[in-house]
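If you read the protein sequences in the order shown, they are chains A and B. Just so we're aligned: 389 in my numbering is position 389 of the first sequence, and the numbers increase by one with no gaps anywhere. Just so we're aligned: 1 in my numbering is position 1 of the second sequence, and the numbers increase by one with no gaps anywhere.
Derived from the structure by calculation, the hints contain no laboratory data. Be aware that a few hints might be false.
Said to hold, decoys possible - Listed next, with one range per pair, are the computed distances between beta-carbon atoms: (1) I46(B) - Q242(A): 51 to 61 Å; (2) L5(A) - Y5(B): 31 to 41 Å; (3) I384(A) - I62(B): 54 to 64 Å; (4) D38(B) - H3(A): 28 to 38 Å; (5) S135(A) - Y19(B): 26 to 36 Å; (6) S406(A) - P39(B): 48 to 58 Å; (7) I59(B) - N184(A): 50 to 60 Å; (8) I59(B) - T464(A): 27 to 37 Å; (9) T464(A) - Y5(B): 23 to 33 Å; (10) I51(A) - D38(B): 28 to 38 Å; (11) F191(A) - L8(B): 57 to 67 Å; (12) I62(B) - K456(A): 32 to 42 Å.
Quick reminder that beta carbons are idealized off the backbone N, C-alpha and C, glycines included.
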Amino acid sequence: MLHDLYLGFSIALTAQNIMYCFLGVLLGTLVGILPGLGPTAALSLLFVTTIHIPPISGLIMLAGIYYGCQYGGSTTSILLNIPGEAASVVTCIDGYQMARQGRAGPALGISAFGSFIGGTLAVVGLMLVAPPLASFALKFSFPETFSLMCLGLVIVSFFAKESMLKALMMAALGLFLGTVGMDNMVGKPRFTFGVNTLLDGVGLVPVIMGIFGLSEVFLNLEQGLSRDVLKTKISNLLPTLQDWKDSSKPMLRGTLLGFFLGVLPGGGATLSSFASYAIEKKVSKHPKKFGEGAIEGVAGPETANNAAVGGAFIPLLTLGIPANAVMAILLGLLLSHGVQVGPQLLMKHKDIFWGVIASMYIGNILLVVLNLPLIGLWVKILKIPYPILFPLILLFCVIGSFSLNSLIWDVLIMIVFGIIGYLFKKFDYDGAPLILALVLSPMMEKAFRQSLLVSKGSFWIFVTHPISAVLLAMTVIVLILPLLPWGKRTPERLNPIAY
Amino acid sequence: MKIGYAILALFLYALGMNYLGFVLSTMLFLGFLLRGIDPKPWPTVISVSILATGASYWIFKIWLDVQFPTGIIGF
């Protein structure tokens, strides 16, 4: 393994890849700071920049944007009480209170250090867990792959923000959208209505830009974003010894929690930061302090959301299954370069796997170096008023969806999905299951039909293969879990902060 | 209401780009959004539109080689 890690660093430490890593974390921090432009939209916008560079450099940059975003998101939470992105929502609660009490410095400092610790430890975990998991997954053939994807989609729906039924409906819609275009087994067009551009299917990037980028802008336009940067002097970024003592255990718990929740499809950064906050509040000796500027309430969630990023790479790099929308984009990047994803990735593309891992160590260091001294600059960017910012975000969305194929058609698809996404948000439908299902749909269909070809049309093949049977049984369990009294998705469990 | 304007602007921008070309349509699009929704003073509107159009043209067209529609005026 040390030899492999050495290979990874020899790739990540080339001047070109260090530059892409730096660019990634810089852009990620920027995007994390700007409210209304989350990591998903930013990644789909920058997807086009990765076409002309080798897949490993592209992956390093996009990964950098993702974890950089988790860093940046906390800055706005603490200084503005506006989360830069969803995973930093909980940081608002105690982080903003700390800032109001004149402790913005330690709050920003501890979240930067927490992110560094969580991020780095999660990469160690990724390094240890991924290889054995991949060699186990090599046993998978078509029925197992199909059942695994079923389980993934159901878990995503289980963790969705709102009702599971709504989430399942979104997943089904995503699966259906994925069938638009050329049938990949017999080569017949489906649901294209004679529109030639639809032969390639509904593009992932326009749909993501619409659902996660445009709709966010529409929502902000409607509600109006008031942004008063707290007029506080940010001093003493280095937390005191007492701060460290208070934070060390929450950080450790946050790392473990974030890592394991990150691995689960649909778990990811947002859920783990919420869970970490809930746990810290529960185990704390003085729970009353939470909500009034407890440093544990910043340290735990900020560590957890960065650790979740490392965890989320495991299903992508070992099984070829994205755990969230961001990972879906990374999967798209690998596929567009013709990289074979799945358990074979680790054998056939050692350079990609270990290169990305090594780059994440480097990126996490770059982020600490970048964030602490540059906080003044980030605060200045925060002062750009939204009426100037939103036309630029809209412009980026249009260019981002246009640039992949140079088709106006893709822009129109994006606008339509922007309107749909806005309605989804209004009526509390979570967009994540749809995106994931849209990505998995072609692979899932292929696995399903190949299985049936092998079994000559008998559905028993999914049950007679033992691993597949276990996975399907787990799928059923997750589906009925919300119906059982102790598995109920009560409001308390969905939103642990309010209680 | 604001959303309606934004959607209208997006559609007109997407459909008009083929005729007016990327540069002109982008400036009009940004100008409309900056002035029409939450009115900003004219100097801000004009400078932001020109700067943002120039920057995106440079990044995406010249650096990343994206083929934008040229329209009737040629760029």
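We went through each hint and held it up to the structure:
In this structure the supplied range 51 to 61 Å holds for I46(B) paired with Q242(A), their Cβ-Cβ distance being about 53 Å. Between L5(A) and Y5(B) the Cβ separation comes to about 54 Å, which falls outside the hinted range of 31 to 41 Å. Judged by the Cβ atoms, the range 54 to 64 Å given for I384(A) and I62(B) is violated: they are separated by roughly 25 Å. As the Cβ distance of D38(B) to H3(A) is approximately 58 Å, the hint placing it in 28 to 38 Å is violated.
Judged by the Cβ atoms, the range 26 to 36 Å given for S135(A) and Y19(B) is violated: they are separated by roughly 57 Å. About 34 Å separates the C-beta atoms of S406(A) and P39(B), a value inconsistent with the hinted range of 48 to 58 Å. At roughly 35 Å, the beta-carbon separation of I59(B) and N184(A) lies outside the given 50 to 60 Å, and the hint is violated. Between I59(B) and T464(A) the CB atoms are about 55 Å apart, so this pair departs from the stated range of 27 to 37 Å.
Between T464(A) and Y5(B) the beta carbons are some 59 Å apart, a value that contradicts the proposed interval 23 to 33 Å. The hinted window of 28 to 38 Å between I51(A) and D38(B) holds, with their beta carbons roughly 35 Å apart. Checked against the hint of 57 to 67 Å, the C-beta distance between F191(A) and L8(B) comes to roughly 28 Å, which is inconsistent with it. In this structure, I62(B) and K456(A) break the distance hint of 32 to 42 Å, their C-beta atoms being roughly 57 Å apart.
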